[in-house]
Structures are given as C-alpha cells and as structure tokens.
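For this one, chain A is given, so just place chain W on it according to the hints.
As they're listed, the protein sequences go chains A and W.
Mapping to the working numbering: the first sequence position 101 is 101, numbers consecutive.
Every position in the second sequence, counted from 1, becomes a number in the working numbering once 1000 is added.
These are computed hints drawn from the structure, not numbers from a lab.
Some hints here could point you the wrong way.
[Claimed, not checked] Pair by pair, the computed Cβ-Cβ distance ranges are: (1) W:1542 x A:108: 42 to 48 angstroms; (2) W:1478 x A:97: 51 to 57 angstroms; (3) A:108 x W:1260: 32 to 38 angstroms; (4) A:108 x W:1447: 57 to 63 angstroms; (5) W:1511 x A:29: 45 to 51 angstroms; (6) W:1136 x A:106: 28 to 34 angstroms; (7) A:36 x W:1397: 39 to 45 angstroms.
[Claimed, not checked] Partner residues are not named here, just some residues of chain A that face chain W (Cβ under 10 angstroms, in silico): (8) 16; (9) 17; (10) 20; (11) 22; (12) 42; (13) 43; (14) 46; (15) 58; (16) 82; (17) 93; (18) 96; (19) 99; (20) 100; (21) 101; (22) 105; (23) 107.
In this text, all values refer to a predicted model and were calculated from it rather than measured experimentally.
Quick reminder that beta carbons are idealized off the backbone N, C-alpha and C, glycines included.
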Amino acid sequence: MSAQKKTPLPAILLANALLDGDVVFRTASGWSRDPREALVAEDEATANRLLDEARAAFARNEVVDADLVDITRDEAGVPVPNHFRERFKVKGPSHRPDLGKQAEFGVR
Amino acid sequence: MYRYDEFDEAFVRERVAQFAWQVKRRLDGSLTDDEFKPLRLKNGVYLQLHAYMLRIAIPYGTLSSRQLRQLALIGEKYDRGYGHFTTRQNLQFNWPKLRDIPEILGLLADVEMHAIQTSGNCIRNVTADQFAGVAADEIEDPRPVAELIRQWSTLHPEFDYLPRKFKIAVTGAPQDRAAIAAHDIGIGVVKNDAGAVGYRILVGGGLGRTPMIGKVVRDFLPKADLLAYLEAILRVYNLEGRRDNKYKARVKILVHEIGIDEFRARVEAEFAKLDGPTINADPEEVARIAAYFAPPAYEKLPPVSRAYEAMKAANPAFAAWAEINTFPHRQPGYSAVTISLKGIGEAPGDATSDQMCAVADLADQYSFSEIRVTHAQNLVLPNVKQADLFALWQKLGAAGIAEANVGLITDIISCPGLDYCALATARSIPIAQDLAKRFADLDQQRNIGPLNIKISGCINACGHHHVGHIGILGLEKRGAESYQITLGGDATENAAIGEIIGPGITAEEVPDAIERLVSVYLAERQAGETFIEAVRRLGLAPFKAAFTKEAADVAA
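One chain only, chain A, in its complex shape (with noise of 0.2 angstroms):
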C-alpha cells in the first residue's frame, strides 16, 4: 500500500484478493467480488476507517495492493472510477467482455 496522495472521495477501497488475485471490494462487513456491493466513502472519517482494514487485511495476509479509488454512483447507483485504469480493474478486459466481472456481475 503505498502512502498516497489524498484520494478525492467519495471513493471505495479496491484490493487483489492474496490467493486468487481477483480484484476484491471492502464492504461494511468484509471483502466482495462483487463491485455493487462496496461500500462507498463518502467523508473523510470512512475513508480514513477504510484505509485502517485494507492495512489489517494485507497484515492478516488476506488482500495485496489496496487502494482507495475515487469514484462517481451511475444511474442505478453503482460506484465507477473516476479514472479509466480502476473502471478496466473493475470490469474486466475490454476486448472480452465475456471474462471478468463486466460478465459475473453486469457492471458496465
């Protein structure tokens, strides 16, 4: 985890799951493969709460490379990143959208 620059909010936390890889999101209970589900930071103090359980988890060897990434809510209010390398993180290959989770979960 790198010492970042603030990250704007809102934002959500990102994270490679440690054994699979898979791109992982911290909710209000745990991590999710599932991007609808993360939980979203909208003030300082959650982002701040946030950035506390990405460094327990890589200390309890359960994520690796987590980040916060700021984000916007589309219409059915689901969080997409501002920026286009987290919105490729988050779907899934462009080419193919029959892999990642643009096809497990319908994120566009």
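Positioned in the frame of chain A, the structure of chain W alone reads:
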C-alpha cells in the same frame, strides 16, 4: 529438440517444490509480501490488474506438440481457455490462481518446461529466429548456441542479481528475424573471409523509455570463445551498470554513456584476463547439445511439388495464403509455415486451448511434431511437405487460424496493454483490433505489401513500437488514453528507431491516421518499393504533413 538430462529434470522439479513451499509460507504469514514478491517473480508469477499472470518460458521459441498440448490443458483447466504468445516467444496465462500455480508448474515440469528466467534482473529466456534450422538463407542453426546460453545462464551465480534484466537473442541468418539489435546482447552467426563460422556480437540494444540500437562490440568471435566472451560482457555490465536508478540500469545506458569503444576496450581487457578454457563449453558438451537439433528424417523430394502447384492454380485463396504464410525451406520440397494468430478482430497473439490442440495435432501430422513461436506473436510449423500444404490450410481454416496476413498490415504486434497489464497507461489490443478491421480486405493488404505495425500500451515497449514501420504508443494525457505515432522503425538487420510524427491522438482517430500514412505511401511509391523503403527515401515530411493535416482537421 533438446531433451532434459537428469540434472535439468532434477533442477526444475526442485524449483517446483521450493515454490510450492514458498506459496504455503506466504499464505500462513511466514513470508511477508515484500519477501514473497521477488520469489514469485523468479518463477514467472506477476500480479496484473484482474488476476495473477504466469509467464512460461519457451526457450528460443521451440515447442513440441506434447508441450503445446500441455499448455492447452493448463489453459483449459486452470485458466479461461486461452493463452497469449508474447514478443519474447513466451506464453502468458492471464487468470491463474496463486493456489493453483505450484500444480501448474508441476504440469509444466512433466513436459520439460518452467517459468524460470521470465522475470527479474537475470539473463532472461534466450530468443531466436523462428526459422532456425530450416531457413534457406541460414549460415548455421542458432538453436544449439541458444540452448548452450540457456544452460550457462540458468542460476549463473555471478549474474543472478544484475543491475537490471538482460535479454539475449540469436540468429543464424543474415536476414534478422529475431530483432537482435533490440536486445542487450544480439548474436549473429557470420562467416569470415577465411570461410570460418563465428559470431558477430552486438551489445546495448533495447527498447523501453530509452530506445537504442545495438552496437557491434566484436565483429568476429570464434565459436569456441562464446561463453567466455559473454562472461566478460556480463561482468563489465554487472560491475559498472548503474544500480542507483532503474531507468538507467540497462546495459544500453552504460554503453551509451561510456561509448562503444570504451565499452569494447573494457570487455576485451576482461576477456583477456579470463581463463577461457575453464569457462567455455567442453566441445563434447557442445556436440551433445547440437545432436539434439539434427535435422529430422526428411524425404527426398523434388524442389517443386506438382500437386502443390496444381492446388494453387485451382484455388486462389489457398494460393494467396501459401504465398504469404510460407517461407523458403533449406530442404527441397518442404516449406516452413507461419500460422497467423492475427485473425481480423482478434487479440494479437492469443490462442484458445482448442487452437493449441489443433496446432499440436497438425504438427504431429505434418511437421515432425515441432512448433515454433515467433517474436511477432505467431506460430510456425517448420517442416511441412509442399504436397501437404493444401490439406494443412484446410484444417487451419477449420480451426479459425488460416488468416493469410503474415508480414502484412494486419499482422500487428501488440502487448496486452491496459486490458490486463498493471503497468500499462493505455489499451493496445482494441487499437490492433480496429486497425485490423479497417484494413481487413486481403487484396488491399497485399497491395500495400509488407508493413509492420507495432503497438505498446506504455513506455516499456513490450509491443516493440519503436521498431515498427509504424509504431503506436499508448499514453495517458489529461485523464484519457492518447496515442503517439512513430514512423520509420525497423526490427531487422536494418534496425532503426521510429520518429514521432505529430501530436498524440485519440483511439478513435488512430485508424484514419494510419490510413492517411498508408495513402502517402501508395501515392508516392516507386515500382517494387516497400513501405519502409519509401519512408527511408521520402523522409518523414510528406507523412508528417498528411498526419498533421488530419490532426488539424480533427481539431477544427
């Protein structure tokens, strides 16, 4: 093909067991992420955007049908039913789970394969001309020397923690199909005036953020001195290469900073000090390795197959494929066949497990069970009787891999880019797909002739964009993907770095921009002049003008 001896076998099995143990210790917390990362990288395991990635070494691009079938099985069982052939003749799986990787490495060891030397600051997997041993223009088969370097470099205690990664490529032919000038060391087999066969050694080539063409460090090296000479180069680099800045750590920077003459002087001084006989390979061992690469049992055939000529005359589509996708073989009556992995609209270099099985079956049937991987991300059946080409073509068609575009504008090299890669700054695969669709018409492709487009999704240049006749580099500009176009690069014996021809453009603008460049060529070319020859004669100006006009039109 080379076969493992008991030492190779024991070494690879030991590494699998070690890695299984390392994964176990990572998962139970005995190893931290910082401790584990270099260990996984030593075994070809990366973490990409969506998943782990496993990069498997295919030494000098040579595969047996049995090995390819095993790769297909791994793809089917542990991945998503496909793999990606890379510009370093390796194979990448994009979705393996860390928990499965020890088992996958075990399956690789079963067929004498591994993922060692595909990552980290060591001497990487050695690459070679895909037509090694069969090309009509070849002086000598480069595979025995590539295998010798593999054995010498694997776990070489002095060179296991170099300042940076180190890539070696070998060609046995004057026509360079292995891009040796774009490697840290490029080795070309040459014949001197006395008729003796030896090596011309280039050093300091490389792409990435500081592209350099390799320079000749030794014009003629006697064959027997190869390992001692390589040791001298690597020692000079290991001692003097920069370790303070990873962007200046490759040997190309050292060669550039002190100059090739000074670098050569230091290498020759080191070489003179070395005790050659203790380093150079035992001639018996060299002969043992070379014996594995003896030609297969070719039939004695007439140089022209009547059946083949008749099939070509009767079937224009077959004739077009045969003309474009076959390469002259040293053995009369045989051809080397390139199987394009550049189907129109497909991801360059991707092959499904079914396609890998189909190719393995065809290799068994038509090519002495041997397959090659090219640095241009295609496959090769090196030994096909011309009389069998028609049947082969039909079966390739059934497997969806009979595209007749080798060396043409839709035979595009592309890195995985931001669709997979954690380092990428922009996507590359969709750019390749859009360009292939734009230029899909085969008559038009043949009219345009040989033209290499190479696309990288970041400055690290895995897609070799610097040496593309047309290079495309994906960058981030103001929060969006932006593409920089270069012109005039060349990966062959006429190696050159392309030059930027204008401001960055959006993905949507790329096909029009490339079409505009091609139009300049079509309008200006002289009889028989290829795209790259025309660029060299005309200079960049007319192409820049066409490109900039378009950029201005878009802005207006």
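Hints, verified against the model:
1. W:1542 x A:108: 42 to 48 angstroms: Distance hint for residue 1542 (chain W), residue 108 (chain A) holds at roughly 43 angstroms.
2. W:1478 x A:97: 51 to 57 angstroms: Distance hint for residue 1478 (chain W), residue 97 (chain A) is violated at roughly 27 angstroms.
3. A:108 x W:1260: 32 to 38 angstroms: Because 54 angstroms falls outside the window, the suggested range is violated.
4. A:108 x W:1447: 57 to 63 angstroms: violated, 40 angstroms
5. W:1511 x A:29: 45 to 51 angstroms: holds, 47 angstroms
6. W:1136 x A:106: 28 to 34 angstroms: Taking Cβ atoms as reference, residue 1136 (chain W) and residue 106 (chain A) lie about 54 angstroms apart, which means the hint is violated.
7. A:36 x W:1397: 39 to 45 angstroms: Holds, at about 43 angstroms.
8. 16: Interface hint status for residue 16 (chain A): holds (6 angstroms vs cutoff 10 angstroms).
9. 17: For residue 17 (chain A), the interface hint holds, since the closest Cβ of chain W sits about 9 angstroms away, which is under 10 angstroms.
10. 20: Cβ of residue 20 (chain A) sits 5 angstroms from chain W, so the hint holds.
11. 22: holds, 6 angstroms
12. 42: violated, 22 angstroms
13. 43: violated, 24 angstroms
14. 46: violated, 25 angstroms
15. 58: holds, 7 angstroms
16. 82: holds, 8 angstroms
17. 93: holds, 4 angstroms
18. 96: holds, 7 angstroms
19. 99: holds, 6 angstroms
20. 100: holds, 6 angstroms
21. 101: Check passed: Cβ of residue 101 (chain A) comes within 8 angstroms of chain W, closer than 10 angstroms.
22. 105: Check failed: Cβ of residue 105 (chain A) comes no nearer than 13 angstroms to chain W, outside 10 angstroms.
23. 107: Result: violated, 13 angstroms to nearest chain W Cβ.
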